[in-house]
Amino acid sequence: MLRSLLTFFGSIFSLLTMGLMVVALSIGAIFYIYGRDLPSHQSLANYTPPTISRIFSGKGRIIDEFSRERRLFTPAEEIPDLVKEAFISAEDKNFYSHSGYDARGIVAAGIEAVRTRGRTVRGASTITQQVMKNFLLSGDRKIERKIKEIILATRIEETLSKEKILELYLNEIFLGQNSYGVAAAAQTYFNKSLDELAPHEAAFLAAMPKAPSDYHPVRNKDRLRARRDYVLREMQQNGYITNAVYQSEVEEPLRSVQNGDFEPFSKQLPPRDYFTDEIRRQLSRDFGEGEFFSGGLSVRATVDPEMQVEAALALQKKLEEYDRGRGTWRGTGKTLPAEALENEESWRAALADVDVARDIHLGGDWRPAVVLGIGDQEMRIGIEGVTETDAEPQVIPRKDIAWLPKNFEQTFNVGDVVHVRRMTEGERGEGDFIRWTLRQVPEVQGGFMAMDVNTGRVIAMQGGFSYQNSVFNRATQAQRQPGSSFKPFVYAAALDSGYSPATIIVDAPIEVNTPQGVWRPRNSSNKFYGPTPLRTGIEQSRNLMTIRLAQEVGMGTVASYAERFGVYDDMGPYLANALGSEETTLFKMVAAYAMFANGGERVEPTLVDRVQDRYGETVYRHDPRRCVDCDDPDIPVNRAPRIVSDRERVIDAITAYQLTSMMRGVVERGTAAGNVRLNVPVAGKTGTTNDARDVWFIGFTSNIVAGCYIGYDQPRSLGRRAYGSSMCGPVFTQFMKKATAKYGGGDFALPPGGHFIKIDRYSGARLPDGASGPSVVAEYFRDGEEPIFGLAYDGGFAMGHDLELFREGETEQVKEVTTSTGKKVTVGEKATFGSMSSGGLY
Numbered sequence: 001m002l003r004s005l006l007t008f009f010g011s012i013f014s015l016l017t018m019g020l021m022v023v024a025l026s027i028g029a030i031f032y033i034y035g036r037d038l039p040s041h042q043s044l045a046n047y048t049p050p051t052i053s054r055i056f057s058g059k060g061r062i063i064d065e066f067s068r069e070r071r072l073f074t075p076a077e078e079i080p081d082l083v084k085e086a087f088i089s090a091e092d093k094n095f096y097s098h099s100g101y102d103a104r105g106i107v108a109a110g111i112e113a114v115r116t117r118g119r120t121v122r123g124a125s126t127i128t129q130q131v132m133k134n135f136l137l138s139g140d141r142k143i144e145r146k147i148k149e150i151i152l153a154t155r156i157e158e159t160l161s162k163e164k165i166l167e168l169y170l171n172e173i174f175l176g177q178n179s180y181g182v183a184a185a186a187q188t189y190f191n192k193s194l195d196e197l198a199p200h201e202a203a204f205l206a207a208m209p210k211a212p213s214d215y216h217p218v219r220n221k222d223r224l225r226a227r228r229d230y231v232l233r234e235m236q237q238n239g240y241i242t243n244a245v246y247q248s249e250v251e252e253p254l255r256s257v258q259n260g261d262f263e264p265f266s267k268q269l270p271p272r273d274y275f276t277d278e279i280r281r282q283l284s285r286d287f288g289e290g291e292f293f294s295g296g297l298s299v300r301a302t303v304d305p306e307m308q309v310e311a312a313l314a315l316q317k318k319l320e321e322y323d324r325g326r327g328t329w330r331g332t333g334k335t336l337p338a339e340a341l342e343n344e345e346s347w348r349a350a351l352a353d354v355d356v357a358r359d360i361h362l363g364g365d366w367r368p369a370v371v372l373g374i375g376d377q378e379m380r381i382g383i384e385g386v387t388e389t390d391a392e393p394q395v396i397p398r399k400d401i402a403w404l405p406k407n408f409e410q411t412f413n414v415g416d417v418v419h420v421r422r423m424t425e426g427e428r429g430e431g432d433f434i435r436w437t438l439r440q441v442p443e444v445q446g447g448f449m450a451m452d453v454n455t456g457r458v459i460a461m462q463g464g465f466s467y468q469n470s471v472f473n474r475a476t477q478a479q480r481q482p483g484s485s486f487k488p489f490v491y492a493a494a495l496d497s498g499y500s501p502a503t504i505i506v507d508a509p510i511e512v513n514t515p516q517g518v519w520r521p522r523n524s525s526n527k528f529y530g531p532t533p534l535r536t537g538i539e540q541s542r543n544l545m546t547i548r549l550a551q552e553v554g555m556g557t558v559a560s561y562a563e564r565f566g567v568y569d570d571m572g573p574y575l576a577n578a579l580g581s582e583e584t585t586l587f588k589m590v591a592a593y594a595m596f597a598n599g600g601e602r603v604e605p606t607l608v609d610r611v612q613d614r615y616g617e618t619v620y621r622h623d624p625r626r627c628v629d630c631d632d633p634d635i636p637v638n639r640a641p642r643i644v645s646d647r648e649r650v651i652d653a654i655t656a657y658q659l660t661s662m663m664r665g666v667v668e669r670g671t672a673a674g675n676v677r678l679n680v681p682v683a684g685k686t687g688t689t690n691d692a693r694d695v696w697f698i699g700f701t702s703n704i705v706a707g708c709y710i711g712y713d714q715p716r717s718l719g720r721r722a723y724g725s726s727m728c729g730p731v732f733t734q735f736m737k738k739a740t741a742k743y744g745g746g747d748f749a750l751p752p753g754g755h756f757i758k759i760d761r762y763s764g765a766r767l768p769d770g771a772s773g774p775s776v777v778a779e780y781f782r783d784g785e786e787p788i789f790g791l792a793y794d795g796g797f798a799m800g801h802d803l804e805l806f807r808e809g810e811t812e813q814v815k816e817v818t819t820s821t822g823k824k825v826t827v828g829e830k831a832t833f834g835s836m837s838s839g840g841l842y
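With UniProt numbering applied, the sequence shown corresponds to residues 1 to 842, in that order.
No lab work stands behind these hints: they were computed from the structure. Be aware that one or more of the hints could be misleading.
Straight-line distance between alpha carbons at most 30 Å, and here's what the computed DSS-like set of lysine-lysine pairs gives [what the hints assert, rightly or not]:
| no. | residue 1 | residue 2 |
| --- | --- | --- |
| 1 | Lys59 | Lys133 |
| 2 | Lys334 | Lys267 |
| 3 | Lys93 | Lys162 |
| 4 | Lys317 | Lys737 |
Simulated restraints, written as ranges between beta carbons of each label pair [to be verified]:
| no. | residue 1 | residue 2 | range |
| --- | --- | --- | --- |
| 5 | Glu321 | Leu269 | 28 to 34 Å |
| 6 | Glu443 | Ala198 | 48 to 54 Å |
| 7 | Asn690 | Glu443 | 45 to 51 Å |
| 8 | Ser161 | Arg647 | 51 to 57 Å |
| 9 | Glu321 | Pro624 | 38 to 44 Å |
| 10 | Ala198 | Gly431 | 20 to 26 Å |
| 11 | Leu269 | Gly674 | 39 to 45 Å |
| 12 | Leu269 | Arg647 | 31 to 37 Å |
| 13 | Ser581 | Arg380 | 50 to 56 Å |
| 14 | Leu269 | His216 | 19 to 25 Å |
| 15 | Gly373 | Thr618 | 58 to 64 Å |
Remember, it's a predicted structure, so these values are computed and weren't measured experimentally. All C-beta atoms, glycine included, are put in the ideal place defined by N, C-alpha and C.
Given the sequences, and given the hints that come with them, work out the whole structure.
Now the structure itself:
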């Protein structure tokens with residue numbers, strides 16, 4: 001009997017042993033099979049998660065940020081224990097004791113799967129397993145994925161410390177609202193740093209990994225609070241917080257940015273504008289989009305935030321002024337449905353969702369509003385973000401639309417979304433309230449840009465009326481005809497080729513046979529002025545003189561100069577291009593003018609001073625100049641360090657000075673006179689294309705160059721009264737008054753190797769050294785050069801025999817000048833200019 005019992009139990013034991021061996025071998029086989037081709041977990045030791053790239057001003061203020069996954073990487077040692085404990089309590093309370101997986105949890109999940117015949121697979125993943133799933137595996141819930149997860153979790157526990165695993169988890173996990181990682185989530189939900197979080201806020205975040213969309217703080221507030229309180233209870237049971245703290249924290253209401261309890265972090269950033277978006281465009285091209293949006297770059301921009309505001313206001317003011325002068329109402333094109341107007345709560349909610357510009361601050365903030373009622377003498381409106389009061393009624397009086405040809409009923413409908421501005425006694429929204437006034441985004445557009453002439457640092461860029469209305473950057477992307485603003489490059493080629501500001505060019509009719517027919521260029525005045533000095537040609541923007549000069553110098557030479565300055569990559573050598581008919585960008589034109597201002601040296605425009613990677617290493621620096629003695633401890637106190645520049649010379653320094661002097665004449669007595677006025681020396685050139693489709697002005701002081709163009713996106717005439725001087729001149733002046741007040745400005749540097757000679761500005765004749773008077777100009781000549789009087793250039797074009805070379809009152813030479821001693825000196829009769837040159841140089 002005993003033997004039988006022993007045999008029976010021995011058989012049972014053998015079967016159990018064999019069963020266990022089979023199970024062990026099966027598990028081993030499963031782990032072997034599934035563990036053969038798993039991705040390497042070693043890469044996690046050097047993992048660098050995608051992080052936000054940020055743009056900073058020169059003073060270190062964040063002005064914009066870009067990311068696909070909004071993540072702020074935070075090392076484990078900088079994550080507060082409170083945050084770690086909240087997530088451990090919510091997700092894996094045995095995190096510090098298990099070896100990568102929780103056996104009891106897996107068994108429970110297995111029993112559940114068997115009970116439901118596989119219909120339900122309950123999660124039992126540890127934090128380590130979640131790291132494996134997020135980084136190396138797919139997110140499905142199949143058994144084989146779980147097996148792989150366990151295998152990898154076991155391996156990584158042998159490779160990485162618990163703190164490193166926790167660091168990976170807390171920086172990678174998605175917590176809703178495009179927030180990845182705990183630092184970004186703390187900013188998104190509370191606008192706080194991690195070390196500012198209270199226990200109930202840490203528990204709030206720890207409630208999210210389960211299903212962020214199911215725990216939205218507004219839509220699922222009660223559900224989120226219940227989950228938060230569960231996490232707090234787990235923290236108390238795990239000994240991370242006391243019972244007293246737990247009792248206090250569960251009583252806290254559920255507060256968040258989304259519920260309006262905190263100001264969002266985005267409010268601390270200025271609205272995205274053309275400047276930072278252009279940085280995004282350029283760095284995405286240079287570094288690649290993946291690196292820019294995910295590389296955690298720190299970008300120090302060249303922008304001067306104060307001057308960026310001035311650039312926007314100056315351009316917006318002129319564009320709106322022009323648009324209102326057209327007397328046409330277009331509105332926003334957006335209308336709220338009738339059901340949205342039933343009560344204030346509904347129209348406010350609907351208005352908040354309307355996609356209209358909210359970044360316009362011309363004369364104060366422009367606010368979206370909806371038309372609520374229309375009467376004969378006034379129109380009632382509801383304004384976003386503003387509560388109506390008796391002192392500030394939300395109505396538009398009839399007189400506010402006096403600039404429109406129609407009345408309220410003919411122009412507006414109830415439900416129309418419009419822009420309004422709070423009209424006050426001050427120009428920029430300050431002072432006592434007067435009334436609400438209608439505004440609209442102009443159809444006409446433009447661009448503006450300003451930069452340092454020596455460093456190329458762009459301090460301001462406005463690519464249109466409103467970035468939120470149109471992200472197309474007209475300062476860098478719009479290809480437009482520069483018109484007469486291109487002429488300085490023709491004159492630069494001539495001055496470098498031996499011409500001088502006193503050289504005489506014939507201003508007379510030209511006919512050129514082309515495959516398209518006879519080309520008859522003309523001056524804007526439709527007049528001809530005969531032999532005229534170069535200076536007058538650029539001051540008065542004479543087209544015929546410019547064409548003859550381009551023919552004399554050679555369009556191949558002119559094209560090479562334009563390419564050397566960076567205006568074009570490959571300019572066509574056609575005479576019409578001498579008048580600016582080939583398209584380019586404002587960005588290129590302003591950069592080219594900077595080389596006139598700085599004495600002829602190449603300068604590359606930049607919007608970025610420096611770029612650092614996520615580790616703080618500088619990967620790009622714009623200024624390549626070398627400081628010779630910055631580290632010299634014995635440098636005298638009263639002497640600045642010596643900066644060595646090896647910049648390429650684009651044109652001769654004397655040529656640059658001569659051209660600058662001639663363009664000062666444009667401002668003082670030429671086409672820009674009266675519209676460009678500063679308290680420091682300023683030079684520049686206007687540009688107006690055929691039919692005024694584009695109008696330009698680019699000008700500079702000794703240290704700042706700025707340019708403006710205005711035109712419709714689909715080019716059409718701006719009207720007979722539109723000129724570069726009258727439209728862009730005021731934009732330039734408004735901006736530069738602020739710029740010179742901040743950055744100063746002085747005389748343009750006089751290069752060595754030259755001397756001044758007094759010249760009669762009308763005839764080009766040399767005058768005595770002591771001559772003075774309105775007709776006298778001191779021209780700068782290279783040493784060894786003298787003005788040649790009596791020789792005129794016509795470019796080789798034939799002229800009509802009956803053309804008068806002079807016309808009384810237009811190019812008449814003055815008879816008398818005053819010397820420096822006060823003595824009157826008589827200048828001889830108009831000289832004969834002899835035969836016309838067909839291309840010779842002197």
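Going down the list of hints, with the structure as the test:
| no. | hint | verdict |
| --- | --- | --- |
| 1 | Lys59 - Lys133 | violated (42 Å) |
| 2 | Lys334 - Lys267 | holds (25 Å) |
| 3 | Lys93 - Lys162 | holds (13 Å) |
| 4 | Lys317 - Lys737 | holds (15 Å) |
| 5 | Glu321 - Leu269: 28 to 34 Å | holds (30 Å) |
| 6 | Glu443 - Ala198: 48 to 54 Å | holds (52 Å) |
| 7 | Asn690 - Glu443: 45 to 51 Å | violated (20 Å) |
| 8 | Ser161 - Arg647: 51 to 57 Å | holds (52 Å) |
| 9 | Glu321 - Pro624: 38 to 44 Å | holds (42 Å) |
| 10 | Ala198 - Gly431: 20 to 26 Å | violated (43 Å) |
| 11 | Leu269 - Gly674: 39 to 45 Å | holds (41 Å) |
| 12 | Leu269 - Arg647: 31 to 37 Å | holds (35 Å) |
| 13 | Ser581 - Arg380: 50 to 56 Å | holds (51 Å) |
| 14 | Leu269 - His216: 19 to 25 Å | holds (24 Å) |
| 15 | Gly373 - Thr618: 58 to 64 Å | holds (60 Å) |
Comparing the model with each numbered hint stated earlier shows that hints 1, 7, 10 do not hold.
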